[in-house]
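Engineer: Take these sequences, add in the hints, and give me the full structure.
Top to bottom, those sequences are chains A and B. Numbering follows this note's numbering, with no gaps: position 330 of the first sequence is 330. With positions in the second sequence counted from 1, the corresponding number in this note's numbering is that position plus 1000.
No lab work stands behind these hints: they were computed from the structure. Note that the coordinates shown come from a computational prediction; the quantities given were computed from them, not determined experimentally. Possibly wrong hints are sitting among the right ones.
As the list claims (entries may be wrong) - Result set (EDC-like, lysine to aspartate or glutamate): computed pairs, CA atoms no more than 20 Å apart in a straight line:
| id | chain 1 | residue 1 | chain 2 | residue 2 |
| --- | --- | --- | --- | --- |
| 1 | B | Lys1332 | A | Glu109 |
| 2 | A | Lys135 | A | Glu73 |
| 3 | A | Lys292 | A | Glu272 |
| 4 | A | Lys143 | B | Glu1435 |
Said to hold, decoys possible - Partial list, computed: chain A residues near chain B (C-beta under 8 Å):
| id | residue |
| --- | --- |
| 5 | Met106 |
| 6 | Phe111 |
| 7 | Ser112 |
| 8 | Ile116 |
| 9 | Glu348 |
All residues carry an ideal CB built from backbone N, CA and C; glycine is no exception.
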Amino acid sequence: MTILPDGRYVDDAPYETDTGAEARNAELDMSNSRLLWLRFKQHKLGLISALFLLVSYLSLPFAGFISPYTPNERLEDYLYAPPQLVRLFHDGEFVGPYVYGTTAEMDLESFSWKYIQDRETPMKLKFFCEGSEYKLSGFIPTKTHLFCAPEGATVFLLGSDRLGRDVFSRILYGAQLSLTVGLVGITVSFVIGIILGSIAGYFGGFLDWIINRVIEILRSLPELPLWLALSAAVPSHWGPVAVFFIISIILGILDWPGLARAVRSKFLSLREEEFVRAAEMMGAKPSRVIGKHLLPNFLSHLIASATLSIPAMILGETALSFLGLGLRAPAVSWGVMLNDAQNLASIEIYWWTAIPMLPIVIVVLAFNFFGDGLRDALDPNRS
Amino acid sequence: MFKKTLLAVSTALGVMASAVVAVEPIEGDFWLQEVNAGNLPPVSERMPSIPLVPDLKLRGRELGTPGGTLRTMVTRAKDVRQMVVYGYARLVGYNERYEIVPDILESLENENDIKFTLRLRPGHKWSDGNPFTSEDFRYWWEDVANNEMLSPAGPIDFLRVEGELPTVTFPDAHTVIYEWHKPNPVFLQKLAEARPPFIYRPSHFLKALHADYADEETLSEALYEARVRSWAALHNRSDNMYKFDNPDLPTLQPWMLATKDGKSRFLFVRNPYYHRVDPNGVQLPYIDVVEMQVVAPGLVAAKANAGEVDLQARGLDFKDTAILKKGENSGKYTTLLWGNGTASQIAIYPNLNYNDDLWRETMRDVRFRRALSLGINRKIINKGLYFGLAKQGGMTVLPVSPFYREKNSQAWADYDIEQANALLDDMGLTERDKEGTRLLPDGRPMWIVVETAGERQEVENALQIIIDNWKDLGIKLLMRPLERDILRNRVYSGETMAAVWFGWDNGIPHSYTSPDFVAPWQQEFFAWPKWGQYHQTSGDAGEPPDLAAAVRLNDLAHEWSQAYSTVDRAVIWQEMIDIHAENVFAIGLLNNAPQPVVVSNRLRNVPEKAIWAWSPGAHFGVYRVDEFFFDE
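Structural biologist: Okay, here's the thing in structure tokens:
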């Protein structure tokens, strides 16, 4: 200990860096996204869901490759064929993935189709084989499928429907529409909702008044009759997908008021905060204040509501198609498939035609868990 | 020839009836208490002195025992009127061979379709016990049909022969005579319809509501109570012989409504004054009570499967058959498969009045329609949708009709892609785009937009198959499901290129059937909405037919209404049917599709094989539900 001339005390021991401190408070130096990832990782269910959704969306362009058949390919001799099991061992010997051939029989007692398996000869599946032509990712025409049925047999992993179409393939193709079409509507409604909501909330006054009135008008429009009218007004030569696309965009345009209101109310309170004042005094333009200071404060809410709205949109597509207002055959979506299965016989006798329910349940749950995990990770006030 | 059989049958029935009348009618259990209490007269006084005695044995039916409740279902509350259809008590009605025989009438004399003498049964009474006489006919003719307040447009159309109204006379209490100067061949046929024009009314009941008869004070009181302005409105509201929703209105049907203001469950009890009796002397109907439940359309099959119904066909489709068969043991019923009576189960109508000039001309070319018809693989559609049980063929009449020809049914109905392509090439439609779709002369690709009502899954499934079929012709089919009313309006205004609907409702025409639905006289035939409008509005709207074949059909229909003999009318009918088959105005896919009919195992006398048709036949009506009975 030394006493300096001005009377202060200085420790003589050499300065030792606290080697543990950096490690202990590592997060202070981490980038925001890395922090997010670390926190998100702890939410196991959310993580699994995120992986599942990632795989699902990445496989969409390759639906044609993975599925053994094309969606509207009819096998006329295999109507309402039950799901087939892919087996590996035959008579205790390993033969690789194979199926049994089946033959259809009309049962005029019960008026249903009966399928008889030929248990003697295992028919091995073919891999990277030639099947019917499809377009990979929507533009590369090819005939190669990941696996296809052996000659003289079929491979219906989840059975076939009333016209002899493979349910498994149709579920994969259906995902292309069911998983994406909702996103369009969500995107439209989010862009409009955030822009108009923040303008209304931040500026207030006359703009706020106008936007509020528009919201009230839009909220009072009934949606179902609007859908009916729109689906009749679209030009008749448009394909069903185009029709649905347009309608989901229009729905998105009609759907933003809820979000805009939430954004507005949050902004009304946030704009009074000190840091907003500070930013304004330093000469930040409104766009910078909104984008850099206000929105990030609000992001967790936005992301949560987005991830929760996507399943609502998927369910909406399903519901509308089920009612016969959304997508219609020959377009393939999960809702269209369920619409086809809309009778008692489908559930009692041909239960596999109702299988498209499962992916809907799984995807909607996954989106909910994912949103949950994301919100937890984004929440700045988390302990 | 037909007329002779008619008269023969009527006299035969008369003889039979008088022979059996000696058998004393037996009082049933249902009304016994009321009779003993003195509220009802005994059965012998309730029935007409000459009741109708159907010969059940002759038709292979058993004589039954009265009693029991028949459960059935409908999908809308307003379908209580189905009981008028199923009950099928008509002045004259079809028998199972589709001949017209007297029913409520004791007999009928028909002089060359010009003069009809209707003879009522003496002692016949309404369900409230008041006599049913020619006064009820007179009341309708003079005070309802020719009353300006009640019928502003005058008497209904079927009574006009080229504008001329009949002279109607009522010589005595049991005779009514309708007479024209020219033949009116549809007169009897209309009276036998599923929805007949009732040319009689319970006058004793309705006079109380008619300004010409009622006491002014009581009437205005009734008006005030019912909250209506004019007596005509009140009269019309009470006078629902077909709607059958007024339990107070007396009826002649086998069952009468007993539920007032019902919403989801309606009860019908036996009419104590019904005019039919079985050879044992048991008054028909055998079944005491009919219980009609209103259920959602999707639930009909489920409820039938659970055994909650004794007789049901309405609301059931062939696709429900498997589920119905599965529940037979636990539900204690049998599923019968009847044939459907429409001319075609699924038919595509190319719109010959389509607004686009070039397309319209293309579709008017008979080669084009034939090619489309040849390009459809009906066998696969039949197998996939109807288990191969329907009959493949173009749109023509059903084999039961005297005008059926195998050649017509098979005309342009084989699956022959080569011939179809040859026809299209022959039309000069040889240019194709890079996808292989043929091009119209102005370079547009041949995309046919087929619009559907979006109600029947089998239509969509069939079109799905046709999409693949027509691809081989170089024609792209686009399916567009709409809503029933939107579809109709679009077709009528010529905005629809092609539409899908059933074939003719009446697949079993006879020479006396009016040919208005095969002539270009009805916009409801989707191939020529505007020609139909032209006829229906007497030239105010639409366009006159300008296609040779359609003009010929138009002329033939006029000739038919002026023809004097049955043979002439039959010849005209045959030619019209042949023209349709040759010209493929509507592309029929299948007919005689199986219609599942659920019948309780306890219910007897229901035919195993039959035709399920609205017109002629009134669904169950022609099979006489009043003769069905429960075997305990």
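Engineer: Where does the structure disagree with the numbered hints, that is, which hint numbers, in rising order?
Structural biologist: 8
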